[in-house]
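Visitor: Listed below are the residues making up each chain.
2 protein chains.
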Amino acid sequence: MSILEALKARRTIRLFKQIGVSSDDLRDMLDAARQTSCACNGQLLRYVVVKSSDDVKKVFEQTAWAGLVKPRRTPVWGVSAPAAFIAVVGPKDANSMTYADAGAAIQSMQIAAYEKGLGCCWLGAINREKLHGLLGLQEKQEVFFLLAVGVPAEQPVSEDITDPKDVNYYLDDKNQLHIPKLTVDAITRWL
Amino acid sequence: MSILEALKARRTIRLFKQIGVSSDDLRDMLDAARQTSCACNGQLLRYVVVKSSDDVKKVFEQTAWAGLVKPRRTPVWGVSAPAAFIAVVGPKDANSMTYADAGAAIQSMQIAAYEKGLGCCWLGAINREKLHGLLGLQEKQEVFFLLAVGVPAEQPVSEDITDPKDVNYYLDDKNQLHIPKLTVDAITRWL
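One line per chain: the protein sequences are A and B, in this order. Count along the first sequence from 1, add 57, and you get the number used in the numbering used here. Count along the second sequence from 1, add 57, and you get the number used in the numbering used here.
Okay, chain A solo, but in the shape it has when bound:
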């Protein structure tokens, strides 16, 4: 599979097989993250890998999942929950550039994971206050995002749309998740 094919085929995963993820695989994801472009090469982001079952459960309890497809895409602990989390941490007073850096690093990790047969869900609906303590962060740090990681137990598909009103994802009668994505023509002007 080419890199372009992977970039197009990779989808967010919200249901996971109850199989562990190796430290080597997580380390490779972080190796991809650290080599990602960032503003002025400043490298303001830090990572906390949560891998031991007890800690994963505690972090899992501080997450919320896709409201549009509740409860079927809300993973259940011991049944469909992720095997690990990578917390993306930045300075409390960060500007929008550092959030852009975080998005780029997360996309690197997601693509690295995809090549290994792993799936990810980038989570922004998280209890940052509780996580700050759970993850043992410094006062000046904040959790920007969590990346849930595990072996996929679902196969979402994308479908092309041209109207921005149609972006809501949905489950079909076979319980497959459909992700509407605007076509290149719908989002691009050429000069």
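No wet-lab data here; the hints were simulated from the structure. One or more of the hints may lead you astray.
Since copy identity is lost for identical chains, a pair holds within one copy or between any two.
Taking lysine-lysine and the DSS-like style, the derived pairs with C-alpha atoms no more than 30 Å apart in a straight line are [claimed, not checked]:
1) K65 / K173
2) K65 / K108
3) K149 / K197
4) K222 / K197
5) K197 / K114
6) K65 / K149
7) K222 / K149
8) K187 / K127
9) K231 / K108
10) K187 / K74
11) K197 / K173
12) K222 / K173
13) K108 / K74
14) K115 / K222
15) K197 / K74
Got chain A sorted already, so can you dock chain B onto it with the hints?
Guide: Same frame as chain A, now just chain B:
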């Protein structure tokens, strides 16, 4: 080359051969961008591709390049300037999540370009007010970032560091750019 190897080997490019970039290659980059994760699948980003020489020149004049390695990594029009720009555009009132979305989409485009032998520079030091007019944006839109695209005329290398004070990139006596990157161990804690 594996995807992980590409994610680790890709570097920002600031000097370009004076060779055009095909519309097909730019379209593939946008195809990767549109399939990238984004908050709530909202797809708030839009793109303007600047490819005609006159327009590329006008946009190029509104950009600033790596201050630390001036003037040797400030491209010169007609000599080392990029062949095209992709402007990443979002809502004027965007929050930090939308900037994270932009970072992720840009990383997708950069990796897609890398596979094609193209190089990119993600630019944040740009004259957004002038670009708003040049790109014909709507009142409620703003240019978040520019992505310069072209055929690389330099081969930067990364080197491992462990001290966040050492992140400044530099040119060696052979005019090769060195990009210090913090090791995985320097940026990660494991729970």
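Visitor: Tell me the hint numbers this structure goes against, listed in increasing order.
Guide: When the structure is compared with the hints, numbers 9, 11, 12, 14 and 15 turn out to be violated.
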